[in-house]
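Visitor: Chains A and B supply the protein sequences, listed in that same order. Quick note, the numbering used here runs 39 ahead of the 1-based positions in the first sequence. Quick note, the numbering used here runs 39 ahead of the 1-based positions in the second sequence.
Derived from the structure by calculation, the hints contain no laboratory data. Treat the numbers as computed from the prediction; the structure is a model and nothing was measured. It cannot be assumed that every hint is accurate.
Identical copies carry no separate label here, and so any pair may be met within one copy or between two of them.
Claimed, not checked - Derived DSBU-like pairs (lysine-lysine); straight-line CA-CA distance at most 35 Å: (1) Lys-352 to Lys-293; (2) Lys-505 to Lys-329; (3) Lys-408 to Lys-395; (4) Lys-293 to Lys-474; (5) Lys-306 to Lys-293.
2 protein chains.
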Amino acid sequence: MTARLYLYDTTLRDGQQTQGVQFSTPEKIRIAGMLDRLGMDYIEGGWPGANPTDSAFFDAAPATRATLTAFGMTKRAGVSAENDDVLAAVTNAGTPAVCLVGKTHDFHVTTALGISLDDNVDNISRSVAHLVAQGREALFDAEHFFDGWKANRAYALSCLQAALTAGARWIVLCDTNGGTLPVEIHDIVAEVISAGIPGDRLGIHTHNDTANAVAGSLAAVDAGARQIQGTLNGLGERCGNANLVTLLPILLLKEPYASAYETGVAKEALKGLVTVSRQLDDILNRVPTKQAPFVGASAFAHKAGLHASAILKDPTTYEHVDPSLVGNERVIPMSNQAGQSNLRRRLADAGLEVEKGDPALSAILNEVKRREDQGYTYDSAQASFELLARRALGQMPRFFEVERYRVTVERRKDETGTVRSYSEAVVVVDVDGEKRLSVAESLETSEQDSGPVDALSRALAKDLGKYQDLIAEVRLVDFKVRITHGGTGAVTRVIIDSEDGQGQRWSTVGVSANIIDASFEALLDALSWKLLHAHAALLDAPAAD
Amino acid sequence: MTARLYLYDTTLRDGQQTQGVQFSTPEKIRIAGMLDRLGMDYIEGGWPGANPTDSAFFDAAPATRATLTAFGMTKRAGVSAENDDVLAAVTNAGTPAVCLVGKTHDFHVTTALGISLDDNVDNISRSVAHLVAQGREALFDAEHFFDGWKANRAYALSCLQAALTAGARWIVLCDTNGGTLPVEIHDIVAEVISAGIPGDRLGIHTHNDTANAVAGSLAAVDAGARQIQGTLNGLGERCGNANLVTLLPILLLKEPYASAYETGVAKEALKGLVTVSRQLDDILNRVPTKQAPFVGASAFAHKAGLHASAILKDPTTYEHVDPSLVGNERVIPMSNQAGQSNLRRRLADAGLEVEKGDPALSAILNEVKRREDQGYTYDSAQASFELLARRALGQMPRFFEVERYRVTVERRKDETGTVRSYSEAVVVVDVDGEKRLSVAESLETSEQDSGPVDALSRALAKDLGKYQDLIAEVRLVDFKVRITHGGTGAVTRVIIDSEDGQGQRWSTVGVSANIIDASFEALLDALSWKLLHAHAALLDAPAAD
Chain A
40 MTARLYLYDT TLRDGQQTQG VQFSTPEKIR IAGMLDRLGM DYIEGGWPGA NPTDSAFFDA
100 APATRATLTA FGMTKRAGVS AENDDVLAAV TNAGTPAVCL VGKTHDFHVT TALGISLDDN
160 VDNISRSVAH LVAQGREALF DAEHFFDGWK ANRAYALSCL QAALTAGARW IVLCDTNGGT
220 LPVEIHDIVA EVISAGIPGD RLGIHTHNDT ANAVAGSLAA VDAGARQIQG TLNGLGERCG
280 NANLVTLLPI LLLKEPYASA YETGVAKEAL KGLVTVSRQL DDILNRVPTK QAPFVGASAF
340 AHKAGLHASA ILKDPTTYEH VDPSLVGNER VIPMSNQAGQ SNLRRRLADA GLEVEKGDPA
400 LSAILNEVKR REDQGYTYDS AQASFELLAR RALGQMPRFF EVERYRVTVE RRKDETGTVR
460 SYSEAVVVVD VDGEKRLSVA ESLETSEQDS GPVDALSRAL AKDLGKYQDL IAEVRLVDFK
520 VRITHGGTGA VTRVIIDSED GQGQRWSTVG VSANIIDASF EALLDALSWK LLHAHAALLD
580 APAAD
Chain B
40 MTARLYLYDT TLRDGQQTQG VQFSTPEKIR IAGMLDRLGM DYIEGGWPGA NPTDSAFFDA
100 APATRATLTA FGMTKRAGVS AENDDVLAAV TNAGTPAVCL VGKTHDFHVT TALGISLDDN
160 VDNISRSVAH LVAQGREALF DAEHFFDGWK ANRAYALSCL QAALTAGARW IVLCDTNGGT
220 LPVEIHDIVA EVISAGIPGD RLGIHTHNDT ANAVAGSLAA VDAGARQIQG TLNGLGERCG
280 NANLVTLLPI LLLKEPYASA YETGVAKEAL KGLVTVSRQL DDILNRVPTK QAPFVGASAF
340 AHKAGLHASA ILKDPTTYEH VDPSLVGNER VIPMSNQAGQ SNLRRRLADA GLEVEKGDPA
400 LSAILNEVKR REDQGYTYDS AQASFELLAR RALGQMPRFF EVERYRVTVE RRKDETGTVR
460 SYSEAVVVVD VDGEKRLSVA ESLETSEQDS GPVDALSRAL AKDLGKYQDL IAEVRLVDFK
520 VRITHGGTGA VTRVIIDSED GQGQRWSTVG VSANIIDASF EALLDALSWK LLHAHAALLD
580 APAAD
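Just chain A, same shape as in the assembly (with noise of 0.2 Å):
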């Protein structure tokens, strides 16, 4: 016998608190429709009315199959909830659902909002009331309520008892501060349980301030509760929300949950959960959180040379679920500590196989030391790790050389008066003993990164003779820089993203004291990973050293 849990995404209201986050509608539209096919059973699309993006967004709504929910808050004091029109805005967007959040902590209704405890107890009635008179399922947010079932046990139950009485089909538990410990969420929820509101009509909405927004989660669960709040990649106000990303995994692949609970999301959609995840911080220009449980590029990286070798002899030795089930792998990562074993699994991943015990293997790992001193990292750079490899196996055939380069930037008033960016760059190639010399410009009106890098980008693509066609469609995807610290002094290291026309992605890497050298250092390395790449028969072009 299992229940069923239901999953409750506020990603696109809750998540949208987050420091920096702001969604346009576009993006709120995408982002419905990857919680829909994760399959969610409500997406909160935002508040109608209280902002431009969440009133359009609602006027556009794409068509799911999760319910979709509108965001608000109960009736104000001194008007009745047909005519309140801030209710009127969220009723008005009309959504099969509608969430309202009141209070249920006595200091807040009587400090914030300033009206009497029986006054938010009839605002709470008298709302819920008349969305369930309008053929809406309704849904309580009982804001602050932990905090109030310690400060006023009796009224934060009047407060659920309001909501559920008119017809609310979910009373959701919500710690708004954060503060509350997992230990203490499992007890009041199973004390409000006791105290007559049924576990199937409860949800849990809980906050990361502690870390525990997740284990606050599985405790409400554990009491009881059936509905879930929560967010992708656990954006939201302060800490954050709870991290449905993290959860479904957690509720689909493991115990106890996997067997004591069903939800609408399939395990065959839990392998779309990196993606979800990438294509989340994508939209929002952030750089995916390594350690991320389940689908951080680290969640399955196994950096201790005694776990390699045991992962490489059966994986669920060091693996507490397996990577693919959601859509992540394994990962042998390079560093001071991996031991040849490593290596080798890493060098097979790039198609180069090394016998065990070639002594070639410890000048690898001394090369990739040495760099690493110098500020380079191969974690995240596997072409550059690839090149490294190659060339000291004497597998790396040689291309062309670059010979000098000058790029310049300048920024003045043009003749009509405003003032622009010029930048230039000259690069000096040889190929199979012939020189080349390119020039290109990078302007600002460009759609595209404009700029010294892009410039010597274009200059260094311009014309590599024979070699042209193979890397036509490359660019640049993603740039990122660090200062970092090597041998005597700081380093700029940078890493570069890479794409050709199928789609095709690889990063690269390079440090120097010097930002337009370590961008040059990694836009080499991105072109040589691709022509090697690019077609077989160019192996037979002669080794380099």
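With the hints as your guide, set chain B onto chain A.
Guide: The following block gives chain B in isolation, referenced to the frame of chain A:
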């Protein structure tokens, strides 16, 4: 009656398993000092003999109030504890305490070690007895304990009993795979105690693979365990270890823990928690996690307009602890959702008092909005925000104006045939109607960051006439670059942190499709902000547009 909880830090050992983390010996010594001042009971310094850095750390071991602990593994089968050279390297470090990891999961004993179950118990027993005979405090890390308990309870228990009987002070239950959920950790710890291992001899070691490392530690304490192992900032293999930076304020400030337990950490020391967390990030060249509980820049940031106005009335309305108790600060960030109360608060932080209802407020909000659409962010660039606001309020003096600049980077062979880079910048400024041309170069040999931004920074700061003395000691201390989106395409956002001779630090932002232009804009703001604050008398300079 409060029980004593012991805190065991493994930042220097398990924390070093983080992808991309490799501490140097001086860094280890510095971190050990931070941990000791914080009040940790145990500091695990590493595995002597496993790598040169760890051995060097113990050779130079700092004097600590905390019990310095060396990590290793139980002796191998077929050799006595006295003759095991791996174990000898560990004990030779001469620390008062030694923690040895050993197997307790039957599958790992037979598969990974390839020895009999009895031999493994014997290895545990003799290794611990060997430590005790040397007068060391012995700790036993029971690897994969929870999985082992579920697979073969009797065997797992016999391993713990062997260690206990041999004289181990602590038996640490390790959830090595990170896959055990808090409810299971609670139940298994309770069962272990029922089976005869005293709770005040039990420790807990969790990983964050399900985002429950903190919750799992608390669940073990709830069940009776009395030692917690964790790391600063949750460093560690895969998704990290239990984060002591989160656990400390929970244990000291929050119920039901604060009243039930005492630790070796003083409440006063917690006020340095943000500093400790940031110092570690600095050592690792990591960008601090904004959403980190308690210590993140967003942990007490109130974005929602409703929250922000309630916070202004009474901070306890939306804060679960006082941010000053952990050395953090309340933040009312700018954003599209921010109301005028947010803005006035933020202006007040910059020393700008603007009356409620002043039309300048909506002018500033609109300007912030317009620039955020272009890719600017003011959440983390308070100095640029202040300049924007002052310009809108007509309170920004015009110190100087840049007429034009040009920067060139050239990479070529020098007269000796060595490939070298040369960066040169020309900046033309107008100070009080007088044109000043400055040229500066940045050489690859510089100890500081070199290259075009450095050259521009030097040229810009070379001759600002009468303002020159005020900016003499300004230096660029961090430089962050992100590709973001604004308007019609990708743009580059640069955030520069600057510092002056008095240790004052401030952040400015620049945005452009051209990385050099974006950097220059942030550099300009950095100098303007310094000039503004350097001398009150400067406020008499003529106001700009």
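Visitor: The structure should be examined with respect to each hint, and the outcome stated for every one.
Guide: Cross-check of the supplied hints:
no. : hint               : verdict
1   : Lys-352 to Lys-293 : within (23 Å within a copy, 44 Å between copies)
2   : Lys-505 to Lys-329 : neither (40 Å within a copy, 49 Å between copies)
3   : Lys-408 to Lys-395 : within (19 Å within a copy, 59 Å between copies)
4   : Lys-293 to Lys-474 : neither (61 Å within a copy, 70 Å between copies)
5   : Lys-306 to Lys-293 : within (12 Å within a copy, 38 Å between copies)
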